[in-house]
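**Student:** One-letter residues, chain by chain:
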Amino acid sequence: MRIKTTLATAALIASLMGTAASAETLRYAFQGTLNQLDPYSLNETFTLGTLGNVYEGLTRRAPDLTIEPALAERWEVLEPTRWRFYLRKGVKFHNGNDFTADDVVFSAERVRSEGSDLTTRIGADVKVEKVDDHTVDFVLTGPNPILHYEWDTWYIMDKEWTEENNATKVTSASDTTPNHASLHANGTGSYKLVSHEPGVRTTFEKNEDWWDKVAGNIEKVEFTPIGSDATRVAALLSGELDMVFPIPVQDIKRVEDSPQTKALTGPELRTIFLGFDQKRDELLYSSVKGKNPFQDVRVRKAFYQAIDMDAIRDKVMRGLSTPSALLISPFQYSRASEFTRHPYDPEASKALLAEAGYADGFSVGMDCPNDRYVNDEAICQAVASFLARVGIKVELNAQPKAQYFAKVLASGGYDTSFYLLGWTPGSFDSWNVLTNITGCRDDKGKGGPFNLGGYCNPKVDELSAQILVENDPTTRDELIAQAYTIVHEDVSHIPLHQQALAWGVAENVDVVQRADDQFHYRWVVKK
Amino acid sequence: MLAFTIRRLLQAVLVMLVVALISFTLFRFVGDPVNQMVGVETTPEQREALRERLGLNDPVLVQFGRFITKAARFDFGTSYQFRQPVAELIGRRLPATLELSFVSAVLALLVGIPMGVYTGLHRDSWLSKLFLSISLIGISLPTFFIGILLIFVFAVTLQWLPSFGRGGVVQLGWWSTGLLTWSGIKALILPAITLGLFQMTLIMRLVRSEMLEVIRTDYIKFARARGLRERSINFRHALKNTLVPVITITGLQLGSIIAFAIITETVFQWPGMGLLFLQAVQNVDIPIMAAYLMLIAFLFVTINLIVDLLYFRVDPRLRVERAAH
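Just so you know, the protein sequences line up as chains D and W, in that order. Going by my numbering, 339 is the number at position 339 of the first sequence; the sequence numbering is gapless. Going by my numbering, 120 is the number at position 120 of the second sequence; the sequence numbering is gapless.
Please note: incorrect hints may appear among the correct ones.
The calculated SDA-like cross-link candidates involving lysine to any residue, where the alpha carbons are at most 25 Å apart (straight line), are [unchecked claim]:
1. D:Lys301 / D:Ala336
2. W:Lys186 / D:Thr25
3. D:Lys253 / W:Thr157
4. D:Lys446 / W:Arg51
5. D:Lys401 / W:Leu26
6. D:Lys444 / W:Leu56
7. D:Lys444 / W:Glu45
To be clear, the hints were calculated from the coordinates, so they are not data collected in a lab.
Based on the sequences and whatever the hints tell you, model everything.
**Tutor:** Structure follows, in structure tokens:
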């Protein structure tokens, strides 16, 4: 009896110690707030990345960003225009409801409905057909090899839960009554939402019934937004937080030097580039009247070759950027390494300008955001001083993003002559870049909405139309290479670099840093 | 009295309307809210549709009229960022700001008055000189810098106090308080010092100069001649007479403490209204900005109204003057 009691006590202590060792709480901060929990109301990396811990898509992405099955066990292309997805069986939502084909069909309709910011996830003409409870067909009007590329962030919602709570309509900014789905979440993912106070704190706990295994050992998660850079870094250094992101470039060394913390850096997917107004016959902001110097490829190339990207990387970005020859990250295009930048050569640049008839240079206004990308204003200043060396006088107009975007985007009438912009193709694919950034557009933006300068080469458009429907990956990559070659030779834009991600992590914590800047709790190990 | 009150009330309403109009005009220049509400890939047509639904394409006067009629019913619309009713969001953040402001004001009084008395009485002691130098720091250093300095010393280096947030809070009905938990009190210390430092130095210098005036007066000399104890003279006679302007200033400063908590709240990620406002500015969340500005205007107008009425009550000369008309 006595022995039995001792044993029982020992077992009890062991089990208590076991839970004590594994019941880890992860505390982390991000610079922005988690404004909403409705997975379709904001197409933004941080929101979708955080919700990716609670919700899941039919597919998901591994640490190296390759596509993996998630809620769909597997899929096949029955005909070029019919894709069949076999859904995982026995998966439950956090409220206990079963995950079935009805939820997929429902989510497909909701994500394309009015007010959704993720309408690009599935084309409006795609038909979603339920075959049986665990099989769904997607019927397309034309072949689309990248149909499922963005589905890792098209999260599946529970039909019954959403309908019960009158949240069928996507939470929109013009709503007058709060939507249940914007404050609550019911997914199938590895962590459950416990509490959410917008802009203050959000907490999560591990989903013990998750269909897959959580690789890390985090039981509870506490998220706080900290907007002030100095405070965010201080909270990490003082040991109050286990992880914060982003770390401003100037603080990376401090985080590295502290024995309790480390900095994780890696290339981000976003490409920063400069663009020229090539559409107007006279620039809005320039000393050149009666013609547009940027319509001459020699001038564009002269600008390109006047800028020393290595210097910008070393001085402005403190080594934390990767100069880029393409408008897409090498992570997202397999043949990116075949392209090299036009070399930095101020003499060649001057010669090109003289050849184009601008031996004495000219002045041009430049628009630049100052709170959107890493060191955006400093990059523009560096660009301006490089251009000054070849006789181009840049009048820099650096503004907060709110004013900047209001001016340069379609809504502002593309009111710019020379600008800096960053772009991440949400689909992880070049077609997105070739249409949004380099596709011919009209004055309203139809064709290439984010081609602010209105670059237009019909050959590129032709190729991008072929790329859209080409199912063979090798042929497709070849077509993409051809399009990028034209864009590169035309100097449609000046690709600058991919900026770096910088996360600060406590020394005793291991995390997985994905190049898309999404932070997933299930890979976090706290020692 | 009644006529005076009514006149003051009407003036107050006018001030509120003017504040509303000015802030509304300013919103034309803060940028495009729609761009902050959608992801990059949203097409121009979808953006235009959203702008139409939000009524942003209407003429300014129409938008202003709509805002005023709704505001009169305490309906400030829906936040663009959070898609929640603004009144509710602000209501939830109000306790944090009020608690911080109140504690800062109390701290400023409790520390500022004794320091002022001391420096007034012992003008040449080295401690007075130290206090005066500290007060110079309080007046000349910007708030955010003091905050970051405190975080660096007490949170990062010494690790005694938290660098951000409010710690644990207890919900009392709709009011959330951090004063009932140990972590909540610890979290309050640094922000309260940061926010109160300027007021503290102001009060200290005010008390000091008043003290210097008062101890030169005849009745103090007379009290000395009567052989009263120093302590009793300094605190019962002198200090009491310095307090009238101190109370006035403190009352008026309470409004600015609440209004200027923005910076302190941002540095310490204090989840109050100021932080909400600053985030709203960055994201062009016009409904929150409008409601916050109206609230602060209301606060100032109310405090001024109370002070005016109090003067009317306290100062008989005001009443006599009016009666003579």
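**Student:** Which of the listed hints are broken here?
**Tutor:** The structure breaks none of the hints.
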